[in-house]
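There are 2 protein chains.
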Amino acid sequence: MKLSPTQRAYIAGFLDGDGSVYVRAKPNDSYRYGYQIAPSIVLFQSSKSKEALKRLHAMLQLGYIRERNDGILELIINKVAEIQEFIVIAKPFSLFKKKQLALMEKIIEAKKKIKNECDFQAMLKLVDIYRVLNYSKKRKIRP
Amino acid sequence: MKLSPTQRAYIAGFLDGDGSVYVRAKPNDSYRYGYQIAPSIVLFQSSKSKEALKRLHAMLQLGYIRERNDGILELIINKVAEIQEFIVIAKPFSLFKKKQLALMEKIIEAKKKIKNECDFQAMLKLVDIYRVLNYSKKRKIRP
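Line order of the protein sequences matches chains Z and S.
With my numbering applied, the first sequence corresponds to residues -2 to 140, in that order.
With my numbering applied, the second sequence corresponds to residues -2 to 140, in that order.
Just so you know, these hints were derived from the structure itself, not from any lab.
One or more hints might be untrue.
Copies of one chain are not kept apart here, so a pair can be met inside one copy or by any two copies together.
As the list claims (entries may be wrong) - Below are the DSS-like pairs computed for lysine-lysine, each with C-alpha atoms no more than 30 Å apart in a straight line: (1) K51 x K112; (2) K(-1) x K122; (3) K47 x K109; (4) K109 x K88; (5) K47 x K103; (6) K45 x K110; (7) K(-1) x K88; (8) K51 x K109.
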């Protein structure tokens, strides 16, 4: 572990405050079972905080920064090996998103072991749990 | 300090991800210089995360939780002594809001020393700096 406990706790706090943990099942016929399974962990900030987000990115050394058309910056982690590394870093310290991180671990494991359509459907059931965990009425406009 | 370094770093991360640090100067004739000076530190979450926010509040032991009409929960710290305690806790670990926290410290000190209209105007100038520090185009709707 290249990060100190306080760095790991900081990252978990940042994720809990403003991060997103989810897996999307995107219909796509070029995949064997008709879906692309796309896990991702995203940290958000306004474009105002680009320098600070770059420092966070340099500390974390995972994912990449993308600027959306609406000016929101996203630090996106969507490679499986990097997601697994992020989970090891942040899960022990997270108060708000431990379940989402644990579910993502479980889905990644299940995906690796898929042998048939039935295994795939079982994994899709796990993906569906995010709808319950992440549903939120949160909408806000910052000053 | 009743909090561990990892707890302090977590709180700083949470603030950086989704918190707000500002001082409002509200016009109010019942105050000597025509304004009420209201500093506040607010941490936001969706109502979905009430239990986790309560745990964060229990850890922090500062401020109070308020539920807005739109379902957003706010952990609000607006007593000067509590704000000062929060600054001691979080400032060393904050990557994104160190300037806002340092400015708040400065305003609180300046406010204590006000002797006349001129001192008051100088403090108002400090409050104005938040407009620059906090201005953000960030608007978002969560999934």
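Hints, one by one, checked against the model:
In this homomeric assembly, K51 and K112 never come within 30 Å of each other (Cα to Cα): the closest approach is 40 Å inside a single copy and 43 Å across copies. Proximity of K(-1) to K122 under the C-alpha cut-off of 30 Å is found in neither arrangement, the shortest distances being 35 Å within a copy and 43 Å between copies. For the homomeric pair K47 and K109, neither the shortest alpha-carbon distance inside one copy (36 Å) nor that between copies (34 Å) is at most 30 Å. Taking CA atoms no more than 30 Å apart as the test, K109 paired with K88 passes inside one copy only; the shortest distance there is 21 Å, against 42 Å between copies.
In this homomeric assembly, K47 and K103 come within 30 Å of each other (Cα to Cα) only across copies, at 25 Å, whereas the closest approach inside a single copy is 33 Å. Taking the shortest Cα distances, K45 and K110 never come within 30 Å of each other, neither inside one copy (43 Å) nor across copies (33 Å). When the C-alpha separation of K(-1) and K88 is checked against a cutoff of 30 Å, the pair qualifies both within a copy, at 16 Å, and between copies, at 23 Å. For a Cα distance limit of 30 Å, the shortest separation of K51 from K109 qualifies neither inside one copy, at 32 Å, nor across copies, at 37 Å.
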